Amino acid sequence: MSDDLDKALDWLGRPIACSDCPHQDRLADGRCEPLRACVHDRYAKRVERFFQWNGDLAGEHLDHPYFEVRANAARVAPIFLLPRLTEDPDETVRAVAARRLPRRLLLKLRDDPDREVRIAVAVRLEDADLAPLMRDPDYSVRLRVARRVPDGMLPAMMHDEDPEVRLEVARRIGLEWLMSMAWDDSSRVRLEVVKRLPPEKLGALVKDPDWCVRFVVASRVAPDDLEPLTHDPVEEVRSVARQRWAGQAAANDLIPD
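Each residue of the sequence shown is one higher than the one before, starting from 1 at the first, in full-length UniProt numbering.
If you're looking for bench data, these hints aren't it; they were derived computationally from the structure. As the structure is a computational prediction, the values presented were derived from the model and not from experiment. Among the hints, a few may not be true.
[Unchecked claim] Within a straight-line C-alpha distance of at most 20 Å, the following computed EDC-like cross-link-like pairs (lysine to aspartate or glutamate) qualify:
#1 Lys108 - Asp127
#2 Lys207 - Glu236
#3 Lys195 - Asp224
The task is simple: from the sequences and hints, build the whole structure.
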């Protein structure tokens with residue numbers, strides 16, 4: 001069985017003939033090569049390499065019928081030629097354009113039907129321009145937003161339906177809001193919360209249903225709130241609580257009356 005990788009075929013499966021190519025002059029000076037760098041080849045990597053070697057030809061291939069040609073041309077074409085690609089029928093092409101277009105042109109792509117395009121937009125927009133994407137229907141878009149919005153906008157995402165998004169919020173949100181996430185449904189979110197809360201705030205979480213959360217609480221909580229954790233049903237939690245309790249008692253014995 002022959003290997004198609006060893007055949008120069010175009011995107012329609014037809015054999016490629018260098019003699020028919022309008023760029024055959026570039027073959028002689030090494031700027032294209034069959035099965036390695038060819039704008040007509042159906043394999044994206046070979047098309048990509050062609051435009052890496054022949055960036056000056058990218059602009060004239062933005063209307064090519066094969067989406068891989070348009071997408072790879074868009075990576076290196078002059079930026080002033082890219083705005084029309086926001087209406088390209090293929091999401092890969094629109095996503096490439098989104099990674100290069102100026103901010104004012106990115107705004108219209110916030111409502112793109114494809115999530116990969118909206119992700120590309122989310123990783124480039126800033127501040128208030130990200131606000132509409134905070135309610136995006138796809139969690140992966142909202143996750144990128146949670147990583148980029150200013151701290152002051154994060155409280156609006158504290159109750160996101162996806163725990164991965166809330167976890168990112170818990171990592172970044174200001175301490176004045178963090179306690180509001182201490183009763184989140186996700187133990188991973190609560191674990192992040194107790195890692196960041198000041199020790200004097202952790203007393204309210206000594207009975208958290210997840211022992212991993214209680215373990216961190218026992219490791220960090222203010223000494224006055226340790227006692228309930230010395231009777232915890234989980235040995236690891238009891239152990240760290242009792243060690244700290246004993247250490248605190250020993251320290252108190254050293255304090256003169």
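(request) Determine which of the earlier numbered hints do not hold for this structure and return their numbers in increasing order. (result) Every hint satisfied by this model.
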